[in-house]
Amino acid sequence: ANTELNQNYEAALNELEELRGDNQELNALIDSQKEELGRQKKRISGLIWSERELGKAREEIAQMSQMAQKYVAEVNQLKSTNKYLSDENSSLSSQNESLTQENAINKKRINNLDSVKTILASKTENLTKSNKQLSTKVDMAESIKINFLEVKGYDVRDDGSVKEKARAKKVEMLRTCFRTETNLVTPAGSKEFFIRYTSPSGEILYVEELGSGSLTNKLTGETERYTVSGEVTYNNEDMTACLDWSPNFKLIKGNYKIEMFQNGFNVGNGSFKLK
Numbered sequence: 005a006n007t008e009l010n011q012n013y014e015a016a017l018n019e020l021e022e023l024r025g026d027n028q029e030l031n032a033l034i035d036s037q038k039e040e041l042g043r044q045k046k047r048i049s050g051l052i053w054s055e056r057e058l059g060k061a062r063e064e065i066a067q068m069s070q071m072a073q074k075y076v077a078e079v080n081q082l083k084s085t086n087k088y089l090s091d092e093n094s095s096l097s098s099q100n101e102s103l104t105q106e107n108a109i110n111k112k113r114i115n116n117l118d119s120v121k122t123i124l125a126s127k128t129e130n131l132t133k134s135n136k137q138l139s140t141k142v143d144m145a146e147s148i149k150i151n152f153l154e155v156k157g158y159d160v161r162d163d164g165s166v167k168e169k170a171r172a173k174k175v176e177m178l179r180t181c182f183r184t185e186t187n188l189v190t191p192a193g194s195k196e197f198f199i200r201y202t203s204p205s206g207e208i209l210y211v212e213e214l215g216s217g218s219l220t221n222k223l224t225g226e227t228e229r230y231t232v233s234g235e236v237t238y239n240n241e242d243m244t245a246c247l248d249w250s251p252n253f254k255l256i257k258g259n260y261k262i263e264m265f266q267n268g269f270n271v272g273n274g275s276f277k278l279k
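Residue numbers (our numbering): 5 to 279.
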């Protein structure tokens, strides 16, 4: 019985040792199971020396063998589970690596798209700027220049007739007469001219209810005030026209400045003096 015990015990130990690997948790379980088998062997050895307990010892030996097989089965099950988990982990790691690579590719594509967008935006901006410059040049070419202008002050009589006056306190109306240059680029027809008077004190003469307003200077893009505007029929040739403005306040004496605009551009400048 003692020989049988030793053989079964050694066989169980060998089987457990064959299952030992790199997994520390499994190795610890094997060590625990070996210790349990060692304790059981020691107990059975004590029974063998007693004649009366020999039968019981044989039963214990059989139970020890069964327990050893159970331990082996448990370790095999744990190894199988660990392998499955390891495979799953490897698969997840592979998927994660694949996703990381895909994200890197997508990020590169996004960066490339951003670069393309930046280039396109820059080209669009340049094209818009070029179109604006071209449009400005066309508008400038279509503007009608003034080669002569003259401003005189007048007193308006009750019958509507006017008489030229040089003294500021007598002036009730300003009449600006001007001569245009020939422009074959602009279409013939009705053209609006804008006049801005600036007083000796540097103040723009501006009365909204008398026709004053604002225009956009196409050369600078700024909004500028004007004093009065008027329509003139233009036939692509030199012509003379006059525009009147009657302020509702007394003018002061001194040197005045006049600026004329047409189609958004300054087309003529001059000055006049009231005594």
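Simulated from the structure, these hints should not be mistaken for laboratory data. Accuracy of the hints is not assured; some may be wrong.
As the list claims (entries may be wrong) - Mimicking SDA-like on lysine to any residue, the simulated pairs with C-alpha atoms at most 20 Å apart in a straight line are:
#	residue 1	residue 2
1	Lys83	Asp35
2	Lys222	Asn270
3	Lys38	Asn18
4	Lys38	Asp26
5	Lys141	Glu129
6	Lys38	Leu82
7	Lys38	Glu14
8	Lys169	Asn187
9	Lys222	Glu101
10	Lys195	Asn239
11	Lys83	Leu124
12	Lys257	Ala172
13	Lys222	Glu263
14	Lys277	Ala170
15	Lys149	Leu124
16	Lys112	Leu124
17	Lys133	Gly268
18	Lys156	Met177
19	Lys149	Gly258
20	Lys167	Lys222
21	Lys87	Gly25
22	Lys222	Ala170
23	Lys195	Lys257
24	Lys174	Gly268
25	Lys277	Glu101
26	Lys112	Glu101
27	Lys261	Ser275
28	Lys279	Asn252
29	Lys254	Gly164
30	Lys45	Asp26
31	Lys156	Ser233
32	Lys261	Asn221
Unchecked claim - The following label-pair restraints were derived from C-beta to C-beta distances:
#	residue 1	residue 2	range
33	Thr237	Gly215	16 to 24 Å
34	Asn151	Glu129	32 to 40 Å
35	Asp26	Ser126	57 to 65 Å
36	Leu124	Gln99	19 to 27 Å
37	Asn151	Thr237	13 to 21 Å
Note that the structure is predicted; figures quoted are calculated from it, not measured. No residue lacks a Cβ here, since even glycine has one placed at the ideal position from N, Cα and C.
What are the numbers of the hints that this structure violates, sorted from low to high? 8, 9, 11, 15, 19, 20, 22, 23, 24, 25, 30, 36
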